[in-house]
Every structure is written in structure tokens, then in C-alpha cells.
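Note that the protein sequences, when read in sequence, are chains C and E.
Position one of the first sequence corresponds to residue 0 (numbering that gives the first Met the number 0), numbered consecutively onward.
Position one of the second sequence corresponds to residue 0 (numbering that gives the first Met the number 0), numbered consecutively onward.
Quick caveat, the hints were computed from the structure, so don't treat them as lab data.
Be aware that one or more of the hints could be misleading.
[To be verified] In silico BS3-like pairs for lysine-lysine, Cα to Cα no more than 27 angstroms straight-line:
| id | chain 1 | residue 1 | chain 2 | residue 2 |
| --- | --- | --- | --- | --- |
| 1 | C | K205 | E | K54 |
| 2 | C | K188 | E | K246 |
| 3 | E | K28 | C | K234 |
| 4 | E | K378 | C | K5 |
| 5 | C | K358 | E | K232 |
| 6 | C | K188 | C | K257 |
| 7 | E | K378 | E | K412 |
| 8 | C | K234 | E | K54 |
| 9 | E | K240 | C | K5 |
| 10 | C | K249 | E | K54 |
| 11 | E | K347 | E | K393 |
| 12 | C | K45 | E | K28 |
| 13 | C | K5 | E | K246 |
| 14 | E | K393 | E | K252 |
| 15 | E | K259 | C | K45 |
| 16 | E | K347 | C | K297 |
| 17 | C | K257 | C | K190 |
| 18 | C | K300 | E | K259 |
| 19 | E | K408 | C | K45 |
| 20 | E | K28 | E | K180 |
| 21 | C | K5 | E | K347 |
| 22 | C | K190 | E | K240 |
| 23 | E | K240 | C | K188 |
| 24 | E | K401 | C | K5 |
| 25 | C | K297 | E | K259 |
| 26 | C | K193 | E | K54 |
[To be verified] Here's a subset of chain E near chain C, in silico, CB distances under 8 angstroms, partners left out:
| id | residue |
| --- | --- |
| 27 | L38 |
| 28 | I51 |
| 29 | H62 |
| 30 | G74 |
| 31 | I75 |
| 32 | L79 |
| 33 | D176 |
| 34 | P197 |
| 35 | L247 |
[Unchecked claim] Listed next, the stretches of chain E that the computed footprint assigns to chain C, with coverage defined by at least 3 CB atoms under 8 angstroms from CB atoms of chain C:
| id | stretch |
| --- | --- |
| 36 | 99–105 |
| 37 | 232–242 |
| 38 | 394–403 |
Where is the CB? At the ideal position from N, CA and C, for every residue including glycine.
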Amino acid sequence: MHESKKNLAFIDGSRLITEALVRAGADTFVGYPITPANLLYLYATKRFPTMLAAPDEITTLQWMSGFAVAGHVPVTATSFPGYALMVESIGMAAMMELPMVIILVQRLGPATGTATCGAQGDLNVVFGTMSGGYSIPTFSISNYHDCWELSAKAVHTAIQLRTPVVLLTSKEMVMTLQSFDWSTLPEIKPKQVKLYNGSSPYLPYKADESLIPDFLPVSQNQHQVRITASTHDTKGILQNVLPEAIDNTKRLELKVRKHLDEYTVFDLDEQEGSDRLIITYDISSQASREAVASLRAKGEKVSLLVAKTLLPIPRVYVEIASRYKRVVIVEENLTGQLRQLLFGVAGRNGVSGVNGIAKMISPTEIIEEVLRHE
Amino acid sequence: MSSLRFLTDAQLPFCKGCGHALVAQNTGKALQKLNINPLDVVLVTDIGCHGIVDKSFLTHTVHGLHGRSSALAAGIAAGLNNPGKKVIVFTGDGGATIGMQHLIGGAHLGFDMTVVVHNNMLYGMTGGQPSEFTPCGFKTPTLPEGSTKAGYDICELMVAAGASYVERVIGIGDFSDSFAKAFSASGFSLVEVMEICPSYGVKSNPGMKLSKLVEDAGWNVRVFADGKGPSFKTPVNLEPKSLLSEKLEVQPKYASSIQKPVSIMISGSAGEGVQSAAEFLAKAAMVSGLNSTKKGSYPVTVGVGFSASEVIVSPNPILYTGSPIPDVLIITSSDGLGYARAAASRMKAGVLYIDDSLDVPETGARVEKVPFRERVGAKNSAMYAVFYVVFHEKLYPVDALKDVFLSNKIAEKINIETLLQF
Ligand SMILES: Cc1ncc(C[n+]2csc(CCOP(=O)(O)OP(=O)(O)O)c2C)c(N)n1
Ligand code: SF4
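The shape of chain E in the complex, shown without the other chains (with noise of 0.2 angstroms):
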């Protein structure tokens, strides 16, 4: 056992006979017996009575929020990825209640940390209130009649969760050892120390006796899980590649004779094809020196119902991206068309090219109907939709097009010249 020092002479700042006191001298003498540096230890402290104790600490000391401790607590121990550090976390039944979520997934994830409940069973700092923690029967100065409902079984709760060293403790005496198993241990453990807060519980609970309490809710007081659990490794990749690689590059060879913006707009069905057909359409642009710009539309489930996109490609840069009233409008789908309708509607020129197997929705476009889902399937429909626009609108040549769908895996599964029946 060493004798460095892990708390200051100053006075602990509880209140008198206050179990925290015990919580914070019992963990100096066990990082005394692991014999480690007090700077090699960070105390993360909730709020909470017993968070307030972070002054009277020699280790490294961080005092965030209420409940969120454990979770600081993890990314420290993550941040660190140092088993020869100790992380350890105060919280109180308070804490643990409102940040439960940080208990399960610390444990979950095994992050090298130890978390300190200080469960007297009560919001101490607060005046007295019920936490999740409050057994059956036990009385606060706002429940005086006492709780009706069993408290969390933190300790089972954690070892479902897969902590790896779990003990409950009677907040009496020296329980150092407890602690000393605790922060040795690999991986997220848990100590839950029983406590009764004087100024609250006490006088509350005239007469009550801690260790009965425990026995009455059915808190066993042993050892749950025995520290050979897994402990979290942070991922650490140092030569992550650059997203910025010659693999994007396009390089223009062809020349397209436009001479203005033109928006065009795929509205078709899920699964068939369409974002691709509209990247490619907005890529073969570019071979063909033009700008080009692309955006998606589709509900959250992707796989399901509509598709569209709307591509703008134009001589000039492009700086806004909307195109509010397409120039070209490709419906090649009824859920398509359901989408696109209002689309149409607002055209007052251009084309709308639509399968003609749809209706011709409301325009004041000129409509050009092509049997695009007869002549390649459905799965194909937008892919041929947008090699049949290139060529009728004369955007730029169809090569330019066809060196890009050539380029692409895709071209394994489709024959090209299905595609350049014009």
C-alpha cells in the first residue's frame, strides 16, 4: 500500500454521518493499495451531494452535468485508450436514474471506467425527492407516506448489460477492497454503495437500519460479476486515405453545342434504376464539358414508391441548384407520375417524355410518349429513358453517355444497345 496522497486535508464537504464521506475515503485507500500515481486517475463527478466532493480530490478532476457523467466518463476513457489510466465515476441514485442510458451502454460497450453509486435511495441535493432507487416502503420528505414500487436492481441491470466486475456494498466501514477489485478490473464495472442520507432519509425513516432496508428489497449485498470482462479498444486508424482521390475525376473529351441551362427531372419508381440514371446523365454532362448538378427525392423507406431526381446541366457555372419548373420532365413509372404531377403542371413549355403506359398528366408541355418499360423492363426504364432524352434533346453526345454507363459495373447487366434504340 502506498502513501500517496488521494484527498486533501480539507474537511469532506457532507453533511455529518453523510455515507458519502465513507465513498470518497475508501476510494483514496484503494488506489493506495493498486499503488497508482494520483495523476494517472481521472475522478468524473455527477451532480449531486457527492459530486461536490471533486475539490477535495488530488487526481484529475471533471465535474460535468447531472446523469451524464458516466457517458463524459466513457468518452474520456475511450479519448485516453489507456488501461493503465483510471477512470472513475461518482454518481448518485439521481444520476443513475436520469442517465441510465450511460450505465447500459458503458457497460454494453465495456469501456474502461468504473462507476461509484452512491445510493441513499433519495435526491440528496435537492431535498429529499424519490429516485427510480427508492425500495418499497421507504419514506422522503416528499413521499412521506413512502414509495409503493420495488427500486432498480442496478447490479442486475448490469450485469445483463455485460459489465464486467459488479458489487454491492454496505456503505459501513472500510469496503476498500471492493473498490481496490473494481478499479482493477478490465472493462466497465460498478459498484453500488448503499447509503442512507442523514438530513433526508434519517429523518424520514425514524429508526431504520441500512443493512435491513437492503435485506427487505431484496438487494443481495455480494459480488455479481467478477472482472474478466471485455474492455473497449478505440478504433485508431492513422492513415485514413483522402476523400479527394483521382478515382472522382472526370475528364471532359467531348464538346455539347447547349447553349443554356436545361433542368431535367426523372420522377420513376424505386428500384428501377433511376438515381443512377440521373448520375449518369449529370456525369456525361461533365465528359462533355458542360456543369452539372444532382439531387434525389424519394420517401425514407428508399425501397419503396417513388423515385426522382433533378438534374440542371448547363454551359455557365451553376450556383442555385432548385429548378422549381423543369425544362424536361421523364416520367417512366406511375409512382412516378403521382410525384412529378404537380411538376407537369407547372410547365408551361418544354417536354415531358412519359411511358405510354401512363396517362398524360396536365401540362403545357409538348408530350412525347415512348414505351420505355416495354422495350427494356421496368429495371432498365430510366436508365434507357435517359439515353433516349440525350439524344432527341441533343444535350451533348450520346457517346459521352455511353462511355460513362461503359465505365460502370452496371454494364455487366445491360446489354448498351438495348439501350440506343432511338
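In isolation and in its complexed conformation, chain C is listed as follows (with noise of 0.2 angstroms):
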């Protein structure tokens, strides 16, 4: 019965992630402390090639963008008092375009909150990160197989989009242990940034019809390098509102959203007949997995949508919602944040929330509300 469970353990979330980041090609860490991410820091310790201390969370951003300038694939772990100070070294990150992951562990807020307590509080937050709307792509994790397929993902995308990444989790995915099997997973392969090997002078903000400009480290000593978080030309050098400055802006926002299809990640559970849809994510998806499971075994249909791929929200989201007449969007907070992204303020009908703090979304609650208008 169980001769197939060949990498038995009880682990948790954590170290998941901070395997799959190293093998997908990370190989800096930079830390600040704080609960619930201190297990990602201390597997970091002993799993990244490089693990710096940062004496604060400007500082870590900082550190993680000058490794990036020479060539490396930084990543952190926070929460949301650690991002807040983060926000305006990330845009300066995602304008220099430099390739870095951010996780984001979610703990009940708002402030300093409850440190021990999870939460699906700050998609918003991420959504607003950077100033003039522009998107930072963002992944959340569902189970054990995201944290490893997803952390591999966002090192990737970030290297290959040459952008900052967001993997947003919480406390009850990367400290609960849990038994898992992990020759299940499948193999991660590193991917390495892109450079330029053209012999015409290094233009650092040129780029193809890929919208991503080749990248050539401040390591090398063959082309000059020119890095800037102001508005710039191609050249890398401040040119207020040039209009070549201000196409080389909005390439930043179209280079993420070309790409999009590429890193759009999801579960979709269709059942056929079904006009009720689930749609949830983070760390409510094992909930609703579990309640979709409970509610066909009464022989209620229903569907069930896991978004994996948060931002910038992919299009598909809305197609397949257009398909159900009752949409459940099930979140661990108070004002239903991906709702709102989805549907905008004025919702739509047959949309509805489960929505709560201060504990996990139970499968209780779902069914609840799924059947909640028959």
C-alpha cells in the first residue's frame, strides 16, 4: 500500500520553497526577520550559496537590487510590515529591471496586527505597489506542489521578464507541517539570466520585439552599464519626459503583460452541468478543494477555479467566471480583495463572498454558501 510513498516526510511549506528557489536559479538571500517568514530565513541559512543579514527591510531591497546590478538572483521573505518598507525600493527594482522574488508570507493586519495569525489580507497591496498602476507579476500558493512549482516559476519569471516578483503565501502554509511525498514533484532546471553579446555599444533599456532588454552585469569590464530608477531613454541615461523615456516606461507595463499567457498558472475543476463556481486562492484553496469534494458527493455540481497567477489578473479569470450564474469567491479577509479585482466595486449578480479573519476559511463555510441560494 505504500511502496509508491518514496520521499515520505513531514515537512513544511518552507522548505519546499526555499529548495525550489535555489534550483530554479536563485542564489542570493537577504533576510530580515519577522513571523511567520523566520523559517524561510533560517532554511535560507543553510540552502542559498549567499544568505546575508540586512539590518532592516530598505536595506534588504537595496542589497537584493545592487546583487542583481552584479549579476546575481536575489530573493527575500516577509510580511507585511517588512513589504511596506520595501514598496518604493520595488518599484525602483521593477524600473532598473532587475530580476529578484519577494515572498510575501501574510499575517493578520493591519499594522503589526497579529504576527502569529494568517491571512489573505495583502493582494491589494501588492496590486498597488508601484506607482502609476504598473503590475508586478505575482503568484500565490495553493498546496505543497505550488510552493515547489511556484517558487520555481517566480525565480523564473523574474529572470526572464527581468522584473521583480511577489509569491504571495501565509503563516499556515509555511509553518504547518504536513506529511508529504516528495518524489512526486518534478524536476526543477535553473534558468540564467539573459546577456548581451552584440559588439555595438550596451544599450541596457533596448529591447527586441520580446519588450525584455538583453541584461550585461556591472561585473564585466567590455560595455558600459548604465542603470537608473528615473524616467530614462534607452541609453540608461534621466531624460524627463522625452517621449523616448516615456515609451521605455510603458514598456515596462506592456513587457509583464505581453508575457502573461506564459506565466499564468491555474487549477480548473470544471464539472459538467455546473452552473456554480468556486473561485479561490492562497490559503483557502485547500478548503474549497475540500468542500467541492463534499458538495459532489451530495451530488451538488459545482466548479472550481484556483487562481495561481494573481497579478496582473489574467483575462481567462473573468472568461470562465462569465460562464457561471453564481460565482463564490472565497478569501481570508474582510472586504473580498480579489472580488473586487474581478468584478470592481459594483460586483455582479450571482457574486458573492466567504469571506472572514483571525482563522482559516473552513469547507463548512463554503458549502455554506454555495447552497446558500438553492
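Join the two chains into one complex using the hints; note that each chain is given alone, in its own frame.
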């Protein structure tokens, strides 16, 4: 009965996330302690080729940016209070087009809130990170397989698009221990940063149709590299509102959107004949999966969409939702952040939420909401 | 001295007479004196008038945020990890004020870099407001009555923080030798260049002489540290071990007869082995072919107060790891009782195992009073309770728990026989 379980172990999600990040090509971790991200910090000390303890989260993001300028792929893990301090620097890194991954382990807010209680309260924070509404590719982890595959995807996306990527998770995913057989996980291949190898002078912000410029680190001395967070032309020189510079700024958003299909990840489990859809993400996903199994066991028809790529919002989520009369969005926050991102403040007929704070949303609550209108 | 060019021919982007221009020229000259390749130099500039000079340099240039240039440069220096490269920061007194932590931290850790503070004693770019470096009596457009406080002595601060080379110069004429010394020092070096901003400083303080002003402020113009400090080496582990090692593997060898998930909450006191008892309970379930999850709850001060853990064991895969109402609740101490009272009151069925020294809380569960603490002592009460419950609830064979227990170092400290009193 157990023969297939080759690598059964009792582990937490942090372990899988850390291992996957390094295998995917991240080489540097910069950390500032904060509950509930501390296990990631701890594992990073053992697993990352380079691990540095920063004196605060602004420094963390600046050091990471410096490492990226020198050709490394850095990672950090934090929670809202630390993320708030990082915001200006994340915008800087995006403007400079530096690859990095920021793991945001959600806890109960606002402000310091309750450090040891999980939450799904920070999607809007990430959504609004950048002045001007520019998007940071953001993934959210729904289970242990995601700890592995999405962590790798986050690193690969950061490297490919030359941009900061946020990996959203929650206390319950990174701190709970679970029995898990890791032999079921796919192999992860490392990805390398694409380097400029032309002979003409290097233009750090000149991109081909991919909209992603080639990179050169400041560790080489063949080509001059200019990197800047101020509005700049393709040479990396500050240019107030020159059309070339404004086009470059627009390219940042276009770049992230152009490749969205390549990094759109979701689970869609549609049941034929169902006019009800549950949409969920992050820590509420497992409860939703359990609710779906129970409902179906009772003969109730229901479909499930687990969103893993959260930002920019893939259009396909809206298309899927439009096929259903009833849509129930499950998220552990008070106001329904994904619900508002998908349907606006106005909402839509037949759309409702299962929300709550300070405890995980249970399958029972989800089942009740799905059956409420029957 | 090399003839390598560090600056373009274009005119520097500053107001006429601004000291920032001299800093740029002296930087180029110092680098020529050091005979270094311009592309082995990374110039990191802050936000402020001084910072827009990056376009005039033929080195690598990086232009980031206001006040953060020294932290960004520290990351670059650590990322390069190569003393053959020169990382130079241009910042203003404004940037040094808002980013003081980065200067102190950089000096403390000894990153291989040089910070050039353009101290014109005010914020030039934003219209001449005072900074923490503005000396007593110095006027600015927004402080026409003059500052009533002394300005920071950044050189003294940097020496205290552990910088390797520190010097203050008056930003007039040729001070390239000072820069050359700072650039070639190992570790963190800082040169403070005293300037006056013609557009705001001169206008607000007519007739004031820079050297006199510096003297009156009590700022010494000299070398403060000689360049022999340590330099930061980035730790690089070339062969870190995988976090998924065989050591973690659990081999199922027993069988359980439970048919559905059972959630068990153990609530006791910090220091009484609650978390390891819960972990053993969950691991032994795996040895018995079950799935399991475990989460811990404790106050942030982990060494005091309650310590609780929720374990689920199940013959089926466990998706949702919450267990709002436990099937089995174990309470081994009065701290534990305080924490678990709410859970006990939610129970409409199931079993509450509680130390017989405690008052029984309100609950719909069947109550079993057991002298856990008396039989094995407070320290082992949680471990004993777990053995007791596995046996009486028939979760899985006690031998599975014994195996997990005996394979752990804890077995040297607790006699297994004491845990087998059922
Ligand atoms: C976080 C942040 N706060 C405020 C500003 C606005 N700002 C731009 S430059 C500057 C001060 C510049 O003064 P200083 O660093 O002394 O350089 P100077 O212009 O005198 O060369 C300020 C406050 C900013 N860019 N970022
Ligand atoms: S405003 Fe002052 S600091 Fe800025 S360039 Fe002009 S003179 Fe220099």
C-alpha cells in the first residue's frame, strides 16, 4: 500500500519553497526577520549559496538590487510590515529591470496586527505597490506542489522578464508541518539571465519585440552599463518626459502583460452541467477543494477555479467566471480583494464571497455559501 | 597617472560655481591617478543635484533612490565580491540624513566602497531646506532665522561605526589625492566634501566664507581614519546541501484501523514538551500509514505561558489543515487549560483528556481525568499524554509511537517504561 511513497517526510512548506528557489536559479537570500517568514530565513541560511542578514527591509531590497546589478538573482521573505518598507525600492528594482523574488507571507493586519495569525489580506497591497499602477507578476501558493512549482516559476519569471516577482503565501502554508511525498515533485531546471553578446555599444534598455532588454552585469568591463530608476531613455540616461523615455516606461507594463500567458498558472476543475463556480487562491484553496469534494459527494454540481497567477489578473479568469450564473469567491480577508479586482466595486449579479479574518475559512462555510441560494 | 577618460566632454549639469562640479572632476582625476579601467568602476548616485551627474561619467553608473545609494552600493560591492572593482557613492547631506542607517551599517560591516558626501548643508534639489547637517547659524530659504542646532559630524560618526578611511575636505581646488586615498583603501571609506550651494546657500548667507563656516561649526578638516580597516567578504557556499535529504524520510511499517480523520489538540505549558510530543504523534501516524499535519500555537515569547499544537491524522489525504473543533483535546497544565477553554466549549462530542489536578472546563466532550503530571512529572506530561491517548483512542499501534520516540535523542532522557502506563 505504501510502496509508491518513496520520499515520504514530515515537512513544512518553507522547506519546499527554499529548495525550489535555489534549484530554479536564485543564488542570494537577503533577510530581515519577521514572523511568519522566519522559517524561510532559517532554511536560507543552510541552502542559499549566499545569505546575508540585513539591518532592515529597505536595506534588504537595496542590497538585493545591488546583487542583481552585479548579476545575481536574489530572494527575500517578509510579511506586510516589512513589505511596506520595501515598496519604494521594489518600484526602483522594477524600473531598473532587476530580477528578484519577494516572498510575502501574509499575517493578520492592519499594521503589526497579530504576527502569529495567518491571513490573505495583502493582495491589494501588492496590486498597489507601484506608482502609476504598473504590475508586479504575482503568484500565490495553494498547496505543497505549488510551494515547489510556483517558487520555481517565480524565479524563472523574474529572470525571464527582468523584473521583481512577488510570491504570495500565508502563515499556515509555510509553518504547518504535513506528511508529504516529495518524489511526486517534478524536476526543476535552473534558468540563466540572458546576456547581451553584441559588439556594438550596449544599450541597457533597448529591447527587441520581446520587450525585454538583454542584461549585462557591472562585473564585466567590456561594455558600459547604465542603470537607473529615474525616467530614462534606452541608454539608461535620465530624461524627464522625452517621448523615447516615456515609451520606455510604458514598455515596463507592456513587457509584463505581453508574456502573461507564459506565466499564467491556475487549476480549473469544471463539472459538466454546473452553473456554480468557486474561485479561490492561496490558503483558502485547500478548504475549497475539500468543499467541492463534499458537495459533489452529495450530488451537488460545482466547479472550482484556483487562481495561482494573481497579477496581472489573467483575462481568462473573467472569461471562466462569465460562464457561471453563481460565483463564490473564497478568501481570508474582510472585504473580498480578489472579488473586487475581478468584478469591481459594482460587483455582478450572482457573485458573492466567503470572507473572514483571524481563522482559516473552513469547508463548511464554503458549502453553506454555495448552497445558500438554492 | 593614466590618460583614461572618466568624464564625457559635455558640460557638467550644475549651477555655475556649484561645488558638485569639482567633486566630479576630482573623482575623475583620482581614478586616473590610480590607473584603473573606467569599466572597473561603478558609480552609484543618490537623488539630489549631485546625483544627476551620472550621465557625465564613462564608468558604469547606477542611479537609484533618495538616501538609499549607500545601501544599493553595498549590495553591488557584496555582489561583485572583488576588491579589484571600485564602488563609489555620490550622495548629498540630504541623502546622508535620510539614509544614515546605510552609512552606519556600511561602515560597520566594512563593504568595499567609498561614499562621497557632498555636504552643502542643505537640500539643493528641493529648494534649499535644512538637513541634519546644517550647522548652527546657517540660513536657508526656508529657515531664514538660521539653524539653532549643530549639524552632524559625519566623520566622527563614521569612525565610531568602524569605517576604514575617513576624511573631511574643503571642496575647493584639487582634492583628488584625498579621493585617491579613499578609493584605494580597503573596506568602507568616506570623504565629506564641504561645499556651499551658490543658488541657495550663498544667497541666504551673504558674505559667508566656507572655511570659516566649517571652522565655526567645529568640524575638523583632516583625516579621521587611516584606511587599514577590515573589508567585507561575501559568504559563498559553493555546495550547499539539499533541504530534501534522506534523513527526513519516514518509512510506513504499521497499519492503522481508523476510518476517518481525527483531530487532536494538545494544550499545555511552554517547556513541557508539547510541540515535540505533537510532532511524535503526527510522525508515528505516518509510520502507521496515515497522513498527518501539525501546527503549533504559542505566545511570541516562546519560553513562557501556554504551548499548544493541533494535529490531524487521517487515512485520506488532508487538504484543509484547520480543525476548529477537535475530536480529542488533551490538556496537561493550567496554562494549557486557559488556552484551550474555548475549544473545549465548542466540543459537542469527542473526548477531553485532562490532567486530574485541573478543573474541568465547560464541554460537551466525554471527560477523562488522568494524573499525567503526577505520574511522569510536568516536563514529560505532554509526551506521556500522547502515548496514553494513542493507546486509548486506538489511533494506531503504540509500537509506532515507540519507534519514533526511541529513534530520537529524547529517549536518552526519558525512560520509555514510564510512558507506557495505561
Ligand atoms: C523618499 C524621498 N523623499 C524626498 C525626496 C525629495 N528629494 C529629492 S532630492 C532631495 C534632497 C536633496 O538634497 P541633498 O541630498 O543634500 O542633495 P543636493 O540636491 O543638495 O545635491 C529630496 C528631499 C525624494 N526624492 N525621495
Ligand atoms: S541648486 Fe545648489 S546644489 Fe543644486 S546644482 Fe545648483 S548650486 Fe548646486
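Results for each hint:
Straight-line distance between C-alpha atoms of K205/C and K54/E comes to about 17 angstroms, which keeps the hinted pair within the 27 angstroms bound. The straight-line distance between the Cα atoms of K188/C and K246/E is roughly 24 angstroms, inside the 27 angstroms bound, and the hint therefore holds. Proposed proximity of K28/E and K234/C is supported: the alpha carbons are some 25 angstroms apart, at most 27 angstroms. Only pairs whose Cα atoms come within 27 angstroms are accepted, and K378/E paired with K5/C is rejected, the gap being roughly 36 angstroms.
Only pairs whose Cα atoms come within 27 angstroms are accepted, and K358/C paired with K232/E is rejected, the gap being roughly 44 angstroms. Our distance criterion of 27 angstroms between C-alpha atoms is met by K188/C and K257/C, whose separation comes to about 23 angstroms. With a C-alpha separation of about 11 angstroms, the suggested pair K378/E and K412/E falls inside the 27 angstroms cut-off, and the hint holds. A distance of roughly 10 angstroms separates the Cα atoms of K234/C and K54/E; the hinted pair therefore holds under the 27 angstroms criterion.
Restraint check for K240/E and K5/C: satisfied, since their Cα atoms lie roughly 20 angstroms apart, inside the 27 angstroms limit. With a C-alpha separation of about 22 angstroms, the suggested pairing of K249/C with K54/E holds against the 27 angstroms cut-off. For the hint pairing K347/E with K393/E, the CA-to-CA distance comes to about 21 angstroms; that is within 27 angstroms, so the pair holds. Among the hinted pairs, K45/C with K28/E is inconsistent with the structure: their alpha-carbon atoms are about 45 angstroms apart, more than 27 angstroms.
A threshold of 27 angstroms between alpha carbons decides the hint, and for K5/C with K246/E the separation of about 13 angstroms falls inside it, so the pair holds. Simply put, K393/E and K252/E have alpha-carbon atoms about 17 angstroms apart, close enough for the 27 angstroms limit, and the pair holds. Proximity of K259/E to K45/C is assessed by CA-CA distance (about 38 angstroms); at most 27 angstroms being required, the pair is judged violated. Distance check on the hinted pair: K347/E and K297/C sit about 24 angstroms apart at the alpha-carbon level, within 27 angstroms; holds.
A hinted pair counts as satisfied when its Cα atoms are at most 27 angstroms apart, and K257/C with K190/C qualifies at roughly 20 angstroms. Restraint check for K300/C and K259/E: satisfied, since their Cα atoms lie roughly 24 angstroms apart, inside the 27 angstroms limit. Proposed proximity of K408/E and K45/C is supported: the alpha carbons are some 22 angstroms apart, at most 27 angstroms. The hinted pair formed by K28/E and K180/E meets the criterion: a straight-line CA distance of about 12 angstroms does not exceed 27 angstroms.
In summary, the hint linking K5/C to K347/E is not supported, as the alpha carbons are separated by about 39 angstroms, beyond the 27 angstroms threshold. Note on K190/C and K240/E: the hinted pairing holds, with a Cα-Cα distance of about 20 angstroms set against a maximum of 27 angstroms. Simply put, K240/E and K188/C have alpha-carbon atoms about 17 angstroms apart, close enough for the 27 angstroms limit, and the pair holds. For the given pair, K401/E sits about 23 angstroms from K5/C by alpha-carbon distance, which is consistent with the 27 angstroms threshold.
The hinted pair formed by K297/C and K259/E meets the criterion: a straight-line CA distance of about 17 angstroms does not exceed 27 angstroms. This hinted pair checks out: K193/C and K54/E have alpha carbons roughly 25 angstroms apart, not beyond 27 angstroms. Checking L38/E against chain C by beta carbon gives a least distance of about 4 angstroms; that is within 8 angstroms, so the hint holds. Given hint, I51/E at the interface with chain C, holds; its Cβ is 6 angstroms from that chain's nearest Cβ, closer than 8 angstroms.
For H62/E, the shortest C-beta to C-beta distance to chain C is roughly 4 angstroms, which falls under 8 angstroms, so the interface hint holds. The beta carbon of G74/E comes within 2 angstroms of a beta carbon in chain C, closer than 8 angstroms, and the hint placing it at the interface holds. Taking 8 angstroms as the C-beta cut-off, the interface hint given for I75/E holds, the closest approach to chain C being about 4 angstroms. For L79/E, the interface hint holds, the least distance from its beta-carbon to any beta-carbon of chain C being 5 angstroms, beneath 8 angstroms.
Taking 8 angstroms as the C-beta cut-off, the interface hint given for D176/E is violated, the closest approach to chain C being about 25 angstroms. Violation of the interface hint for P197/E is found here, the shortest Cβ-Cβ separation to chain C being roughly 22 angstroms, above the 8 angstroms cut-off. Contact between L247/E and chain C, as hinted, is supported at the beta carbon level, the nearest pair being about 4 angstroms apart and thus within 8 angstroms. Three residues within the 8 angstroms Cβ limit are the bar, and the stretch 99–105 of chain E against chain C gives 3, so the coverage statement holds.
Only when three residues or more bring their CB closer than 8 angstroms to a CB of chain C does the claim for the stretch 232–242 of chain E stand; here the count is 9, and the claim holds. Here the stretch 394–403 of chain E counts 0 residues with a CB under 8 angstroms from a CB of chain C, which misses the bar of 3, and the coverage is violated.
Of the hints listed earlier, those the structure fails to meet are numbers 4, 5, 12, 15, 21, 33, 34, 38, in rising order.
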